[in-house]
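Q: Residue numbers (the numbering used here), protein chains in the order written: chain Y, 53 to 336; chain G, 6 to 297.
Think of the hints as simulated: they come from the structure by calculation, not from any bench.
Don't take every hint at face value.
As the list claims (entries may be wrong) - Cβ pair distances, simulated, as ranges:
| no. | chain 1 | residue 1 | chain 2 | residue 2 | range |
| --- | --- | --- | --- | --- | --- |
| 1 | Y | L129 | G | N266 | 10 to 20 Å |
| 2 | Y | W328 | G | Y89 | 31 to 41 Å |
| 3 | Y | L129 | G | L134 | 41 to 51 Å |
| 4 | G | A37 | Y | P201 | 37 to 47 Å |
| 5 | G | G66 | Y | P221 | 33 to 43 Å |
| 6 | G | R196 | Y | K158 | 21 to 31 Å |
What the hints assert, rightly or not - Away from chain Y, derived, C-beta distances all over 12 Å, residues of chain G:
| no. | residue |
| --- | --- |
| 7 | S44 |
| 8 | F48 |
| 9 | A62 |
| 10 | G93 |
| 11 | R95 |
| 12 | P122 |
| 13 | V126 |
| 14 | L192 |
| 15 | P193 |
| 16 | R196 |
| 17 | S216 |
| 18 | E240 |
| 19 | N266 |
| 20 | F268 |
Backbone N, C-alpha and C define an ideal beta-carbon position, used for all residues, glycine too.
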Amino acid sequence: MAGFAGGLSSRTTERAAAQREAPWVRRTLIAVVLLFLVVFVVVPLVTVFASAFRDGIAPYWRALVEPDARSAIRLTLIVAAIAVPLNVAFGIAAAWAITRFHFPGKRVLVTLIDLPFAVSPVIAGMIFVLLFGAQGLFHVPLKVIFALPGIVLVTTFVTVPFVARELIPALEARGPAQELAALTLGASPWQTFLRVTLPNLRWPLIYGAILCTARAIGEFGAVSVVSGHIRGETNTVPLHVEILYNDFQYQAAFAVATILVGIALVTLALRSAIEWHVQRKRRQ
Amino acid sequence: MARRALPGFGLSLGVTLTYLSLVVLIPLSTIAIKTSSMSWSQFWSTISSERAVLSYALSIGASLAAAAINVVFGVALAWVLVRYRFFGRRLVDALVDLPFALPTAVAGIALTATWAPSNGVFGRYLHALGIEAAYSRLGIVIALVFIGLPFVVRTVQPVLAGLDPRVEEAAATLGATRWQTFRRVLLPALRPAIGTGFALAFARALGEYGSVVFISGNRPMQTEITPLLIMTKLEQFDYAGATALACVMLVASFAILIAINVFTWRAHRRVAPTIRRRPPRDEIALIVEAHS
Numbered sequence: 053m054a055g056f057a058g059g060l061s062s063r064t065t066e067r068a069a070a071q072r073e074a075p076w077v078r079r080t081l082i083a084v085v086l087l088f089l090v091v092f093v094v095v096p097l098v099t100v101f102a103s104a105f106r107d108g109i110a111p112y113w114r115a116l117v118e119p120d121a122r123s124a125i126r127l128t129l130i131v132a133a134i135a136v137p138l139n140v141a142f143g144i145a146a147a148w149a150i151t152r153f154h155f156p157g158k159r160v161l162v163t164l165i166d167l168p169f170a171v172s173p174v175i176a177g178m179i180f181v182l183l184f185g186a187q188g189l190f191h192v193p194l195k196v197i198f199a200l201p202g203i204v205l206v207t208t209f210v211t212v213p214f215v216a217r218e219l220i221p222a223l224e225a226r227g228p229a230q231e232l233a234a235l236t237l238g239a240s241p242w243q244t245f246l247r248v249t250l251p252n253l254r255w256p257l258i259y260g261a262i263l264c265t266a267r268a269i270g271e272f273g274a275v276s277v278v279s280g281h282i283r284g285e286t287n288t289v290p291l292h293v294e295i296l297y298n299d300f301q302y303q304a305a306f307a308v309a310t311i312l313v314g315i316a317l318v319t320l321a322l323r324s325a326i327e328w329h330v331q332r333k334r335r336q
Numbered sequence: 006m007a008r009r010a011l012p013g014f015g016l017s018l019g020v021t022l023t024y025l026s027l028v029v030l031i032p033l034s035t036i037a038i039k040t041s042s043m044s045w046s047q048f049w050s051t052i053s054s055e056r057a058v059l060s061y062a063l064s065i066g067a068s069l070a071a072a073a074i075n076v077v078f079g080v081a082l083a084w085v086l087v088r089y090r091f092f093g094r095r096l097v098d099a100l101v102d103l104p105f106a107l108p109t110a111v112a113g114i115a116l117t118a119t120w121a122p123s124n125g126v127f128g129r130y131l132h133a134l135g136i137e138a139a140y141s142r143l144g145i146v147i148a149l150v151f152i153g154l155p156f157v158v159r160t161v162q163p164v165l166a167g168l169d170p171r172v173e174e175a176a177a178t179l180g181a182t183r184w185q186t187f188r189r190v191l192l193p194a195l196r197p198a199i200g201t202g203f204a205l206a207f208a209r210a211l212g213e214y215g216s217v218v219f220i221s222g223n224r225p226m227q228t229e230i231t232p233l234l235i236m237t238k239l240e241q242f243d244y245a246g247a248t249a250l251a252c253v254m255l256v257a258s259f260a261i262l263i264a265i266n267v268f269t270w271r272a273h274r275r276v277a278p279t280i281r282r283r284p285p286r287d288e289i290a291l292i293v294e295a296h297s
């Protein structure tokens with residue numbers, strides 16, 4: 053969401069006197085900001101791990117390998133494995149159409165891609181119940197709601213913008229010169245796409261796919277509406293955490309939650325690594 | 006249309022439109038279809054019931070409070086990250102995005118455990134002071150502050166980093182204190198970014214469900230936000246009622262989105278001539294010379 057621009061900061065190390073504050077102002081501001089982050093981010097994170105390992109390693113491990121947890125992990129991976137490639141393919145198509153051609157309604161299209169961000173997760177789940185539920189508008193022979201197809205659909209809906217939003221600015225910034233050169237030299241459209249466009253888009257594509265995957269794995273509200281919370285069948289990992297927590301199995305709930313915290317931390321680490329890599333390349 | 010130099014227009018636009026229609030537009034249009042099947046009085050009585058109105062008030066109030074807190078600490082965070090070098094700065098920069106990356110359910114149980122009155126790290130001390138953090142409206146605000154944390158930081162940070170240092174030099178040369186420079190020179194330049202960040206945090210908070218549902222206690226008429234009320238209606242198979250409330254929420258979200266665009270556009274227009282464009286070199290040189 054923040055994109056590459058988010059983490060960029062000015063490289064200047066020495067600031068002019070006109071831009072410096074008194075040392076006490078500086079120290080106070082840094083202290084206030086750090087305190088805020090510790091209270092709102094660090095302590096809750098530590099609490100997750102402290103509660104997960106409260107009774108030692110053995111119960112922690114047991115919570116992760118019990119059949120319901122394993123089936124939740126499997127389901128979550130299946131859902132992400134379907135939703136992410138779909139949105140990657142969509143993101144590439146949308147970015148190509150939007151950045152390389154002029155057509156009426158382009159700005160509306162860009163806004164529409166962002167639409168799922170503006171919709172509350174509960175509403176995202178609700179619309180699929182209205183479509184495919186028991187009194188739904190569509191009658192399909194397949195069981196969609198309270199089953200895998202529904203979970204895949206809402207997850208796909210919620211993660212639509214991630215890849216496209218990373219690719220559009222990246223492709224826009226590059227311009228069509230390289231592709232035009234390849235075509236002039238006799239490359240076929242597919243060769244141009246596979247050998248010129250795609251390699252250039254490598255980092256934003258990976259970055260968008262990472263964000264998309266993180267959200268697909270972690271989505272809670274929308275999936276909660278369509279899943280039906282059937283243990284061992286339609287429970288994703290976040291829903292499994294909820295069920296354990298509402299059953300007062302706190303240690304197990306936090307143990308499973310550490311998987312999701314781990315994925316979030318890996319996502320942030322990859323983000324920083326890619327950003328660093330791209331910045332270094334740009335400076336060369 | 007004229008011949009296009011690049012291939013793939015039909016294919017890429019076709020895929021884009023088909024996919025968006027199937028995944029986003031057709032599903033969203035069910036809200037309109039479902040709403041139009043309700044009578045006006047049925048619709049109105051649902052969205053104006055006391056329970057619904059109390060949930061709007063709570064959702065809006067808590068989201069505004071959280072977004073306001075995010076503005077204060079978000080600007081401070083952006084300032085510290087852009088202007089100061091200190092140990093752990095990169096870690097802080099990465100941690101700011103954690104609320105984006107962390108599943109909301111995990112945020113919910115983590116915050117609840119932290120602020121619970123019985124054994125929470127902070128909650129027990131507040132409880133001793135007679136303040137209930139978790140399972141109260143305060144808990145909802147805490148969850149929404151967490152969820153909205155990155156927005157103001159990430160909108161203000163690049164603008165702050167891109168400001169022309171000579172403007173501050175000029176202010177200093179003219180005898181302004183740092184605080185005066187911040188209030189009168191920097192803050193006006195940052196205002197559009199702050200406004201956008203505030204609106205994004207507010208919009209996100211308004212629709213938030215996962216983190217709030219754990220910490221709020223979910224008491225009807227007291228700590229029930231609108232998304233939770235929609236969820237309750239869905240669980241009771243009251244699809245018409247849920248759709249009517251969803252309609253209200255969608256209209257509110259779109260109004261905010263439009264407001265963001267209008268606000269950003271107007272603010273840019275107002276600020277642009279004074280700060281955002283680098284002032285001509287000669288003018289600055291003249292000011293500096295005249296005062297040195």
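Q: All hints, please: hold or fail.
A: Hint check:
Distance hint check for L129 (chain Y) and N266 (chain G): the Cβ-Cβ separation is about 38 Å, which falls outside the suggested range of 10 to 20 Å. Checked against the hint of 31 to 41 Å, the pair W328 (chain Y) and Y89 (chain G) fails, with Cβ atoms roughly 20 Å apart. Our hint of 41 to 51 Å for L129 (chain Y) and L134 (chain G) holds, since their Cβ atoms are close to 45 Å apart. As the Cβ distance of A37 (chain G) to P201 (chain Y) is approximately 23 Å, the hint placing it in 37 to 47 Å is violated.
Distance hint for G66 (chain G) and P221 (chain Y): a CB-CB separation of about 36 Å, consistent with the stated range 33 to 43 Å. In this structure, R196 (chain G) and K158 (chain Y) meet the distance hint of 21 to 31 Å, their C-beta atoms being roughly 29 Å apart. Every CB of chain Y lies more than 12 Å from the CB of S44 (chain G), the least distance being 17 Å, so the non-interface label holds. With a cut of 12 Å on Cβ distances, F48 (chain G) stays outside the contact zone with chain Y, its closest approach being about 15 Å.
Every CB of chain Y is more than 12 Å from the CB of A62 (chain G) (nearest about 17 Å), matching its label as outside the interface. The beta carbon of G93 (chain G) is not kept farther than 12 Å from every beta carbon of chain Y, the shortest such distance being approximately 8 Å. Non-interface status of R95 (chain G) relative to chain Y is broken: a Cβ of that chain comes within 12 Å, the nearest being about 7 Å off. Every Cβ of chain Y is farther than 12 Å from the Cβ of P122 (chain G); the closest lies at roughly 15 Å, confirming the non-interface assignment.
Chain Y draws V126 (chain G) into its interface by the beta-carbon criterion, the shortest separation being 6 Å against a cut-off of 12 Å. Its beta-carbon lying about 15 Å from the closest one in chain Y, L192 (chain G) satisfies the requirement of being farther than 12 Å from that chain. No beta-carbon of chain Y is positioned within 12 Å of the beta-carbon of P193 (chain G); the least distance is around 17 Å. In this structure R196 (chain G) is separated from chain Y by more than 12 Å, as the shortest Cβ-Cβ distance comes to about 19 Å.
Against the 12 Å criterion, S216 (chain G) falls within the reach of chain Y, whose nearest CB is about 9 Å from its own CB. Not every C-beta of chain Y lies more than 12 Å from that of E240 (chain G), the closest at about 9 Å, which undercuts listing it as non-interface. Residue-level check failed: N266 (chain G) sits 9 Å from the nearest beta carbon of chain Y, not beyond 12 Å. A cut-off of 12 Å between C-beta atoms confirms that F268 (chain G) is not in contact with chain Y; the least separation is 16 Å.
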